[in-house]
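Take the sequence shown: its letters are residues 4 to 383, numbered as in my numbering.
Among the hints, a few may not be true.
Below are the DSS-like pairs computed for lysine-lysine, each with C-alpha atoms no more than 30 Å apart in a straight line [claimed, not checked]:
#, residue 1, residue 2
1, Lys13, Lys371
2, Lys162, Lys32
3, Lys193, Lys169
4, Lys283, Lys372
5, Lys235, Lys137
6, Lys32, Lys172
7, Lys6, Lys66
8, Lys103, Lys13
9, Lys169, Lys103
10, Lys13, Lys66
11, Lys38, Lys67
By construction, these hints were calculated from the structure, which means they are not laboratory data.
Computed from a prediction, not measured in an experiment: that's the story for all the values here.
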Amino acid sequence: MEKILIINTKYRQHGGEDTNILEEIKFLKKNYEVKYLEFNNLGKLNFSDALSLITGSNIQSNKKVTDAINSFKPNIAYVHNTWFRANLGIFRILNKNNVKTYLKIHNYRYFCANFLLLKNHISSGTFCNMCSMKKNFGLFNKYYQNSYLKSFILIMYGKRYINLIKSTKVNLLVMTQHHRKFMINNGFNKNSIHIYRNPVTLNKLNSYNLDSEYIVYAGRLSSDKGILELIKSWQEANVGNLVLKIIGEGNLFKSLEERNYQNIELMGELSHEETLSLIKNARGVVTATKMFEGQPRLLCEASSYGVPSLFPDFGGMGEFFPQGYQLKFDQFNYLDLSKKIAIFKDKKMLENLSQEVYDFVNKELNDKKLSETFSSLLLN
4 MEKILIINTK YRQHGGEDTN ILEEIKFLKK NYEVKYLEFN NLGKLNFSDA LSLITGSNIQ
64 SNKKVTDAIN SFKPNIAYVH NTWFRANLGI FRILNKNNVK TYLKIHNYRY FCANFLLLKN
124 HISSGTFCNM CSMKKNFGLF NKYYQNSYLK SFILIMYGKR YINLIKSTKV NLLVMTQHHR
184 KFMINNGFNK NSIHIYRNPV TLNKLNSYNL DSEYIVYAGR LSSDKGILEL IKSWQEANVG
244 NLVLKIIGEG NLFKSLEERN YQNIELMGEL SHEETLSLIK NARGVVTATK MFEGQPRLLC
304 EASSYGVPSL FPDFGGMGEF FPQGYQLKFD QFNYLDLSKK IAIFKDKKML ENLSQEVYDF
364 VNKELNDKKL SETFSSLLLN
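Please model the complete structure; the sequences and the hints are all you need to start from.
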């Protein structure tokens with residue numbers, strides 16, 4: 004049996020990527036012997052941390068990886084987020100010990116932390132679709148708006164990161180053809196980039212509730228997620244008594260809470276289980292994100308219950324839905340979004356879409372297919 008060492012630096016605030024990684028560990032344990040080595044960025048910086056921000060290699064993290072290799076003796080390393088405590092020295096350790104390495108890239112932000120000048124980061128438009136940074140009159144690519152120093156350190160890290168994964172024998176895993184093409188267009192070796200999606204818990208029966216009286220949005224309440232445009236489009240659409248339930252928090256929560264919206268409920272932050280329960284019984288889910296997404300967890304989970312999703316046809320989002328899927332809108336065309344929201348009144352169409360998304364996700368994201376894909380990747 005193959006032995007896989009999974010390495011990840013947990014975000015300060017638990018998010019969708021962390022949840023995906025934990026779900027994937029459970030999935031891989033069905034067929035492989037797995038050890039999970041987790042770093043986190045909480046707590047004060049020690050000397051080793053401070054030095055690593057300059058050198059790109061953390062002595063303490065390297066020792067933890069070395070100890071894990073010596074005790075577990077893995078055939079394969081499966082790396083996720085490295086910023087900043089795991090750091091980049093672990094790739095040298097893995098290579099030195101002849102451990103075949105795979106790196107899963109969950110989002111596009113690594114590319115944004117690769118430029119010193121803002122004009123090179125955001126060359127067109129008013130904001131970045133990969134990290135949501137807004138264009139301003141500054142010269143420097145100030146990724147952390149409250150600190151030039153932190154921004155400079157991250158950019159140095161980003162440059163090292165990209166140079167490393169371009170020049171070393173690391174198998175790169177992304178979740179969409181869109182992301183793969185993006186990387187190839189930016190100079191990455193196409194032979195090292197592979198499609199491997201996140202596992203999703205699937206349901207044996209389509210449990211869609213066609214008579215549900217609400218639609219769900221779940222995510223961060225911020226401008227980059229298009230929440231203000233979604234609310235405006237919802238108000239302009241003719242949805243009758245349908246209610247939009249908004250789950251999540253963010254910097255727009257308080258201002259939204261102060262307004263008196265009709266047929267819109269602010270639910271605040273809910274547990275993953277509570278959110279899934281609402282999705283399972285919804286007539287649909289909706290997002291108006293302005294960002295490139297890796298794999299839209301919310302939408303895939305909705306499809307597993309047979310719940311149709313309305314989303315912007317943008318980036319790789321449409322790759323998780325059947326060809327010709329009708330419940331999507333042209334990105335940034337909010338008149339089109341309003342028109343598509345009105346489809347949630349058409350029960351006959353929704354019934355057909357429900358079966359389409361349920362059949363598609365069960366075909367494309369079932370355990371057998373994902374296991375075969377992962378197994379074939381290990382042969383590369």
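Going down the list of hints, with the structure as the test:
Simply put, lysine 13 and lysine 371 have alpha-carbon atoms about 28 Å apart, close enough for the 30 Å limit, and the pair holds. Taken as a hint, the lysine 162 and lysine 32 pair is broken in the structure, with Cα atoms around 34 Å apart against an allowance of 30 Å. A distance of roughly 10 Å separates the Cα atoms of lysine 193 and lysine 169; the hinted pair therefore holds under the 30 Å criterion. The straight-line distance between the Cα atoms of lysine 283 and lysine 372 is roughly 24 Å, inside the 30 Å bound, and the hint therefore holds.
Under the criterion of a C-alpha separation no larger than 30 Å, the hint pairing lysine 235 with lysine 137 is consistent with the structure, at around 22 Å. With a C-alpha separation of about 25 Å, the suggested pairing of lysine 32 with lysine 172 holds against the 30 Å cut-off. The hinted pair formed by lysine 6 and lysine 66 meets the criterion: a straight-line CA distance of about 19 Å does not exceed 30 Å. Distance check on the hinted pair: lysine 103 and lysine 13 sit about 22 Å apart at the alpha-carbon level, within 30 Å; holds.
About 16 Å separates the Cα atoms of lysine 169 and lysine 103, which keeps this hinted pair within 30 Å; it holds. Annotation: proposed proximity of lysine 13 to lysine 66 holds, straight-line Cα distance about 18 Å (limit 30 Å). As the CA atoms of lysine 38 and lysine 67 are separated by approximately 13 Å, the hinted pair is consistent with the 30 Å bound.
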